[in-house]
Amino acid sequence: GTPQKYDPTFKGPIYDRGCTDIICCVLLVVAIVGYVVVGVVAWTHGDPRKVIYPTDSRGQFCGQRGTPNAYVPIPAPGWLSRRPGSPVRGVAGSLLPTSSPAVQICVTECPDRFLTYLSAYASGSDLEYYRQFCVPEFKDFQKVGGVLKDKECPAMIIPSTPLARRCFPAIQVKKGVITVGNETTYDDGQGHRRNVTELLEGAKRANVVLEARQLAMKIFEDYTVSWYWIIIGLVIAMVASLIFIVLLRFLAGIMVWVMIVMVVLVLGYGIFHCYLEYARLKGEAGSDVSLTDLGFQTDLRVYLHLRQTWLAFMIILCVVEVLIILLLIFLRKRILIAIALIKEASRAVGHIMASLLFPLCTFFLLCLCIAYWASTAVFLSTSGEAVYKVFNETACQYSGQSCQPETFNGSDAAEQCPDAQCLFAFYGGETPYHRYLVVLQFFNLFMFFWLVNFVIALGQVTLAGAFASYYWAFKKPDDMPAFPLFSAFSRALRYHTGSLAFGSLILAIVQVIRVILEYLDHRLKAAENKFAKFLLGCLKCCFWCLEKFIKFLNRNAYIMIAVYGTNFCTSARNAFFLLMRNIIRVAVLDKVTDFLLFLGKLLIVGSVGILAFFFFTHRIKLVQDTAPSLNYYWVPILTVIVGSYLIAHGFLSVYGMCVDTLFLCFCEDLERNDGSPERPYYMSPELSEILLKGHLEPSK
Numbered sequence: 001g002t003p004q005k006y007d008p009t010f011k012g013p014i015y016d017r018g019c020t021d022i023i024c025c026v027l028l029v030v031a032i033v034g035y036v037v038v039g040v041v042a043w044t045h046g047d048p049r050k051v052i053y054p055t056d057s058r059g060q061f062c063g064q065r066g067t068p069n070a071y072v073p074i075p076a077p078g079w080l081s082r083r084p085g086s087p088v089r090g091v092a093g094s095l096l097p098t099s100s101p102a103v104q105i106c107v108t109e110c111p112d113r114f115l116t117y118l119s120a121y122a123s124g125s126d127l128e129y130y131r132q133f134c135v136p137e138f139k140d141f142q143k144v145g146g147v148l149k150d151k152e153c154p155a156m157i158i159p160s161t162p163l164a165r166r167c168f169p170a171i172q173v174k175k176g177v178i179t180v181g182n183e184t185t186y187d188d189g190q191g192h193r194r195n196v197t198e199l200l201e202g203a204k205r206a207n208v209v210l211e212a213r214q215l216a217m218k219i220f221e222d223y224t225v226s227w228y229w230i231i232i233g234l235v236i237a238m239v240a241s242l243i244f245i246v247l248l249r250f251l252a253g254i255m256v257w258v259m260i261v262m263v264v265l266v267l268g269y270g271i272f273h274c275y276l277e278y279a280r281l282k283g284e285a286g287s288d289v290s291l292t293d294l295g296f297q298t299d300l301r302v303y304l305h306l307r308q309t310w311l312a313f314m315i316i317l318c319v320v321e322v323l324i325i326l327l328l329i330f331l332r333k334r335i336l337i338a339i340a341l342i343k344e345a346s347r348a349v350g351h352i353m354a355s356l357l358f359p360l361c362t363f364f365l366l367c368l369c370i371a372y373w374a375s376t377a378v379f380l381s382t383s384g385e386a387v388y389k390v391f392n393e394t395a396c397q398y399s400g401q402s403c404q405p406e407t408f409n410g411s412d413a414a415e416q417c418p419d420a421q422c423l424f425a426f427y428g429g430e431t432p433y434h435r436y437l438v439v440l441q442f443f444n445l446f447m448f449f450w451l452v453n454f455v456i457a458l459g460q461v462t463l464a465g466a467f468a469s470y471y472w473a474f475k476k477p478d479d480m481p482a483f484p485l486f487s488a489f490s491r492a493l494r495y496h497t498g499s500l501a502f503g504s505l506i507l508a509i510v511q512v513i514r515v516i517l518e519y520l521d522h523r524l525k526a527a528e529n530k531f532a533k534f535l536l537g538c539l540k541c542c543f544w545c546l547e548k549f550i551k552f553l554n555r556n557a558y559i560m561i562a563v564y565g566t567n568f569c570t571s572a573r574n575a576f577f578l579l580m581r582n583i584i585r586v587a588v589l590d591k592v593t594d595f596l597l598f599l600g601k602l603l604i605v606g607s608v609g610i611l612a613f614f615f616f617t618h619r620i621k622l623v624q625d626t627a628p629s630l631n632y633y634w635v636p637i638l639t640v641i642v643g644s645y646l647i648a649h650g651f652l653s654v655y656g657m658c659v660d661t662l663f664l665c666f667c668e669d670l671e672r673n674d675g676s677p678e679r680p681y682y683m684s685p686e687l688s689e690i691l692l693k694g695h696l697e698p699s700k
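Note that our numbering gives residue 480 to position 480 of the sequence shown, counting from 1, and the numbers run on in steps of one.
Because the hints were derived from the structure by calculation, they are not lab data.
Note that the structure is predicted; figures quoted are calculated from it, not measured.
Listed below are the simulated EDC-like cross-link pairs for lysine to aspartate or glutamate, each with C-alpha atoms no more than 16 angstroms apart in a straight line: (1) Lys-5 / Asp-674; (2) Lys-389 / Glu-406; (3) Lys-5 / Glu-678; (4) Lys-11 / Glu-671; (5) Lys-11 / Asp-478; (6) Lys-533 / Asp-521; (7) Lys-389 / Asp-412; (8) Lys-540 / Asp-521; (9) Lys-50 / Glu-385; (10) Lys-540 / Glu-518; (11) Lys-11 / Glu-678; (12) Lys-476 / Glu-686; (13) Lys-389 / Asp-419; (14) Lys-5 / Glu-671; (15) Lys-11 / Asp-479; (16) Lys-475 / Glu-686; (17) Lys-533 / Glu-518.
Each pair of labels, with its calculated beta carbon distance range: (18) Ala-279 / Arg-193: 52 to 60 angstroms; (19) Leu-539 / Val-438: 18 to 26 angstroms; (20) Arg-17 / His-273: 50 to 58 angstroms.
Ideal Cβ positions, reconstructed from N, Cα and C, are used throughout, including at glycine.
All chains, please: the whole structure from these sequences, using the hints.
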C-alpha cells in the first residue's frame with residue numbers, strides 16, 4: 001500500500017463524515033425486524049412446559065392446571081424437591097423389551113412395592129391401591145382376563161423413585177448386590193420370576209441422570225451456603241483490578257515488572273504445592289490408581305487423592321512457567337518499549353475514565369442478545385403439536401400411521417387391528433410452520449452470532465474513537481473534545497452502523513460454518529470413512545484460522561473507521577496495509593504489550609484464586625470457623641476464578657483496545673510527520689523519547 005502523506009488539515013478523528021455501507025445497515029434492520037417476527041411467532045406457538053413437564057400416552061401434561069391430569073396444584077420443580085401427592089409420570093413395565101411403547105399415565109405418587117395385578121385382584125385389599133396405576137377409564141374391578149390384553153393396567157408394578165417427575169426403578173447396590181426394594185427377583189405378572197438386573201439395562205440412562213441429579217443437588221447446596229462468599233471474592237477481584245489499573249496509571253514501569261515477578265512466583269508456588277501433595281500421597285492406599293482406571297467420578301474430590309492428578313498439575317504448571325520465562329528472556333529488551341506504550345495507554349484511560357465503565361454497557365447488550373436467543377430457541381423447539389401414531393403387537397397395515405384418540409375407536413384401524421392403540425408418539429406437525437422449524441432455528445442461531453458480533457464491534461469502535469481523539473490532540477488534554485466517549489459512540493451509531501453490520505456479518509457467516517462443521521463432525525464420529533474425517537478436520541482447522549484472522553482484521557478496521565469515517569472494505573484494506581508496512585513493529589511492540597496485559601489478568605486471577613482456595617479449604621486459621629462446610633470446595637473456587645477472569649478481562653480489555661488504537665495511530669503518525677517544527681509528531685514527548693530511540697524509528 002501507499003504510505004499516508006502529510007496533511008496539515010488532519011487533526012484526528014474526522015467529524016465531517018457521511019454514512020457508510022448503507023445497504024448493510026438496511027439489511028441489518030430488516031433482519032432484526034424478521035428476528036422479532038420469528039420470536040413473536042415462536043412465543044405464540046411454543047410451550048416450554050413440553051420440556052419441563054412429562055406427559056401421559058395421550059400427550060397430556062401431568063399436574064398442570066387446565067388439563068385433565070391436574071389432580072393437585074402445580075408442584076415444585078421435580079429435580080429440586082417434590083411435595084407429597086405431586087403428579088409424576090408413571091412408566092410401569094416400560095423397562096422391559098416390548099414391541100410397542102408402554103402405556104404411560106400420570107399418578108400422584110410412584111409405586112412403593114412389588115405387586116402384580118393378579119395378586120392385587122386376588123387379595124382384594126390391594127386392588128384400590130393398584131387402581132391408581134391403571135388408565136383413568138378403567139372402572140371394571142371384576143374384569144380380569146382382558147385388563148392386561150387391553151393394557152388398561154400394568155401386569156406388575158415395582159418400587160420406584162421420582163426423578164424429574166418420572167418414576168424410575170429404585171435400584172440400589174448393597175455390597176455388590178443389585179436390589180430393587182430390597183429384593184433381587186420379582187414376579188413379572190406373567191407367572192415368571194425375573195432377576196432385577198434385567199431392569200438395570202433399561203434404567204441405565206436413568207442412573208446416569210440420577211448421578212447427574214445428585215451432583216447438581218450438591219452443587220446447588222454449595223451455592224446456597226457460599227454465594228455471599230463468592231460475591232465477596234468477586235468484589236475483591238473487582239477492587240484488585242481497579243487498584244491494578246490505578247497503579248498502572250502512575251507506576252506503569254514498576255507495576256509491569258512487579259506483575260512479571262508475581263506471575264512467576266505464583267506459578268512457582270503452584271508447582272511447589274503440587275509437589276508437596278504428590279509427595280504426601282506416597283504410600284497411601286489407593287493413591288497410585290491411574291486416572292484411566294478410575295474413570296469419570298461425580299465426586300471430583302476423589303481425583304485429589306491420586307498422585308497422578310498432582311503430577312499432571314505439576315507438569316502443566318512447569319510447562320507454563322518455562323514458556324513464560326523463555327518469552328521474558330527473549331523479549332527483555334522489548335519489554336521496556338512495551339512499558340512506554342502501556343504508560344501512554346494509562347494516561348489516555350486516565351483522561352477518559354468513563355471508558356472503564358463502558359464494558360458494562362457492552363455486557364448488558366450481550367446479555368439481552370443471549371436471553372432473546374435462548375428464549376426463542378426454547379419456544380421454537382417446543383412449537384410442535386402432539387402427534388399420535390398407531391401401535392400394535394401384531395402385523396397391521398395401519399401400524400405407524402397418524403391417528404386421533406377421540407375418533408380412533410370407530411376407525412378402520414381399530415376394526416381391522418383389534419390390538420392396535422392410538423398413542424402419543426412425539427411433538428411435531430404438518431403445517432408449513434412446523435416443516436420449516438429447522439430453518440427458523442438456523443436463522444435464530446445466525447442472528448445470535450450477527451448481533452453479538454455487532455455489539456462487540458460497537459464497543460470496539462466507540463473505544464477506538466475516544467482513544468484516537470486523545471492521541472491526535474496536539475496539546476493533551478486541552479485539545480480533546482469535552483465528551484470523547486459519548487462523541488465516539490454517537491458517531492458510530494449515526495454514521496457507521498452499516499459498516500459495523502458488514503464486519504459482524506462476515507464474522508457471523510464464518511462462525512455459523514464452524515458450527516455446521518462441528519455438527520457434521522459429531523454425526524460422523526461413528527463413521528468408518530477416515531478420508532471424510534480427515535477432510536472435516538482440515539476444514540475445521542482452516543475456518544478456525546479464518547475466524548481468528550477476521551477478528552484481527554475487523555478490530556483494526558474499526559479503528560480506521562473511528563478515525564477516518566471510511567467504509568468497512570476501505571478501512572480494512574488501509575488497516576491491513578498499514579500493519580504490513582509496520583510488521584516488525586506489530587511483532588515487537590503490539591503483541592508484547594498484549595502478552596504483558598495477559599500476565600496482568602493471570603496475576604489478578606491467580607491471586608484471587610489462591611485466596612479462595614485457602615479460604616474454602618479452611619486453611620486460613622483466622623477465618624477457619626467462618627468458612628462454610630461444602631460438598632465440593634472446587635465449586636465456589638472455580639466460580640470465583642471464572643468470575644475474576646471475566647472482571648479482569650473487562651477492565652484490561654479497555655487497555656487492550658487503547659494500546660491497539662494508540663499503536664495504529666503511532667504508525668500513522670510516523671508516516672504523516674517527521675518530527676520537524678513544520679511536521680511535528682502528535683505522540684507525547686514521553687512516548688517519542690522511548691519509541692524513537694529504540695528499534696522502532698521509521699526507516700529512512
